[in-house]
Amino acid sequence: MYAQMIKSEATQDDPEKLATFQARIDAGEKIEPKDWMPAGYRKTLIRQIGQHAHSEIVGQLPEGNWITRAPTLERKAILLAKVQDEAGHGLYLYCAAETLGVSRDELTEMLLDGRMKYSSIFAYPTLTWADMGAVGWLVDGAAIMNQVPLQRTSYGPYARSMVRICKEESFHQRQGFDIMMKMANGTEAQKRMAQDALNRFWYPSLMMFGPSDKESVHSEQSMAWKIKMNSNDELRQKFVDQTVPQAEYLGLTIPDETLAWNEEKGGYDFAEPDWSEFFDVLKGNGPCSVERIEARQKAWDDSAWVREARLAHAAKKQAAKVAAE
Amino acid sequence: MTKEWPLWEVFIRGQHGLSHRHVGSLHATDAAHAIQNARDVYTRRKEGVSIWVVPAADITASSPDDKESLYDPADDKVYRHPTFFDIPDDVGAM
Ligand SMILES: [Fe+2]
Ligand SMILES: [Fe+2]
Ligand SMILES: [Fe+2]
Numbered sequence: 002m003y004a005q006m007i008k009s010e011a012t013q014d015d016p017e018k019l020a021t022f023q024a025r026i027d028a029g030e031k032i033e034p035k036d037w038m039p040a041g042y043r044k045t046l047i048r049q050i051g052q053h054a055h056s057e058i059v060g061q062l063p064e065g066n067w068i069t070r071a072p073t074l075e076r077k078a079i080l081l082a083k084v085q086d087e088a089g090h091g092l093y094l095y096c097a098a099e100t101l102g103v104s105r106d107e108l109t110e111m112l113l114d115g116r117m118k119y120s121s122i123f124a125y126p127t128l129t130w131a132d133m134g135a136v137g138w139l140v141d142g143a144a145i146m147n148q149v150p151l152q153r154t155s156y157g158p159y160a161r162s163m164v165r166i167c168k169e170e171s172f173h174q175r176q177g178f179d180i181m182m183k184m185a186n187g188t189e190a191q192k193r194m195a196q197d198a199l200n201r202f203w204y205p206s207l208m209m210f211g212p213s214d215k216e217s218v219h220s221e222q223s224m225a226w227k228i229k230m231n232s233n234d235e236l237r238q239k240f241v242d243q244t245v246p247q248a249e250y251l252g253l254t255i256p257d258e259t260l261a262w263n264e265e266k267g268g269y270d271f272a273e274p275d276w277s278e279f280f281d282v283l284k285g286n287g288p289c290s291v292e293r294i295e296a297r298q299k300a301w302d303d304s305a306w307v308r309e310a311r312l313a314h315a316a317k318k319q320a321a322k323v324a325a326e
Numbered sequence: 131m132t133k134e135w136p137l138w139e140v141f142i143r144g145q146h147g148l149s150h151r152h153v154g155s156l157h158a159t160d161a162a163h164a165i166q167n168a169r170d171v172y173t174r175r176k177e178g179v180s181i182w183v184v185p186a187a188d189i190t191a192s193s194p195d196d197k198e199s200l201y202d203p204a205d206d207k208v209y210r211h212p213t214f215f216d217i218p219d220d221v222g223a224m
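Top line first, the protein sequences correspond to chains D and X.
Residues in the first sequence are numbered consecutively from 2, following the numbering used here.
Residues in the second sequence are numbered consecutively from 131, following the numbering used here.
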């Protein structure tokens, strides 16, 4: 998902405190910033929320790529609003992470020097306008699958930021599907572009949910802490079941010859993505991995003077105010 | 590395007649800047008619450890709730 392969941190706390903490979570209580929490819970959450926030921020880049080249002024305004929402999502999540005792600058630095990751999906390029449709439809669609249950996560600030985010996501997915409808019902060339975008984004979208349950060994503790609400395979299945009929509606073909309805399980059978590709992308070897971090680094460096000047200006104003009193 | 911008807590009045509610926090260098940022971050869809910003450092919060001493005294004063009193049905709505 936006937070992939989050390893839950071991915790060596007082067993009695741990038991009380777990009982609170089991009772559905929310944990708030000043409450006692196991060190492992805090650390795991910083990593998970931080990675989620970074994904929202880096996720602006593949879509930002098309703002100046949107086909109409209306599409441009819509895409701009969508990308601005993603900036907002990043900010809500950074604030939630900060309540756990990490600073905003530390988070940014950890992204830039590779200690923290962002979702594998944003390491892929957006080559045509149809990709804006595929990203909204599939990528935001997959994100919604994961974010809706996270509204019930045990950490209060995280849950509340998820509520805000979920309110905004449905616009994202619908604007993407709207682009896909237009393209899929357009000229032959437009239809080909739509199909090509689906072909390229299908497997990377399936990867968003993370490796198969058989391989993700870190889930158990996170599930008990209610910071992971569903298993990777469960959400991936749900996503496929929801998306296949939508592709049929568009008259597009899911690039998977093995895809078939399985009456018994009441869902589709489908091919797994290439997991070696996923692990490679996560290591920073995606087609756009270098470019993405370079863009973030440039934005961080180029805006350093703004961060400094703003502070200097506020200090000057404050001094003048004190002098006048 | 330069100093980080201070943290502000943001409160928004959703509609006329309602009280302000905490919606989240943000970083800004002064109050006017915090209001501007709050507008962009928290009210992109007309979520409010009024914004308050407060420096996070100026908020004093009760400690979770004080829960008992702060709230337990209310436990034995159930008569503060109207349901404590049995009013016969014959009296009508009260
Ligand atoms: Fe988002
Ligand atoms: Fe997104
Ligand atoms: Fe989104």
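Hints listed in this document are in silico derivations from the structure and should not be mistaken for laboratory results.
Certain hints may be false.
Cβ pair distances, simulated, as ranges [said to hold, decoys possible]: (1) X:Leu148 with D:Trp306: 37 to 45 Å; (2) D:Pro34 with X:Asp170: 50 to 58 Å; (3) D:Asp302 with X:Asp202: 36 to 44 Å; (4) X:Ala204 with D:Asp234: 41 to 49 Å; (5) D:Ala20 with X:Ser193: 16 to 24 Å; (6) D:Pro150 with X:Asp170: 47 to 55 Å; (7) D:Asp234 with X:Asp170: 54 to 62 Å.
Remember, it's a predicted structure, so these values are computed and weren't measured experimentally.
Don't be surprised by glycine CBs; every beta carbon is placed ideally from N, CA and C.
Here is what the structure says about each hint:
The given range of 37 to 45 Å is respected by Leu148 (chain X) and Trp306 (chain D), whose C-beta atoms sit roughly 41 Å from each other. Between Pro34 (chain D) and Asp170 (chain X) the Cβ separation comes to about 24 Å, which falls outside the hinted range of 50 to 58 Å. Judged by the Cβ atoms, the range 36 to 44 Å given for Asp302 (chain D) and Asp202 (chain X) is violated: they are separated by roughly 54 Å. Taken as a hint, the range 41 to 49 Å holds for the pair Ala204 (chain X) and Asp234 (chain D), whose Cβ atoms sit roughly 47 Å apart.
At about 22 Å, the beta-carbon gap between Ala20 (chain D) and Ser193 (chain X) stays in the expected band of 16 to 24 Å. Roughly 28 Å separates the CB atoms of Pro150 (chain D) and Asp170 (chain X), a value that falls outside the hinted 47 to 55 Å. Distance hint check: the CB atoms of Asp234 (chain D) and Asp170 (chain X) are about 38 Å apart, inconsistent with the given range 54 to 62 Å.
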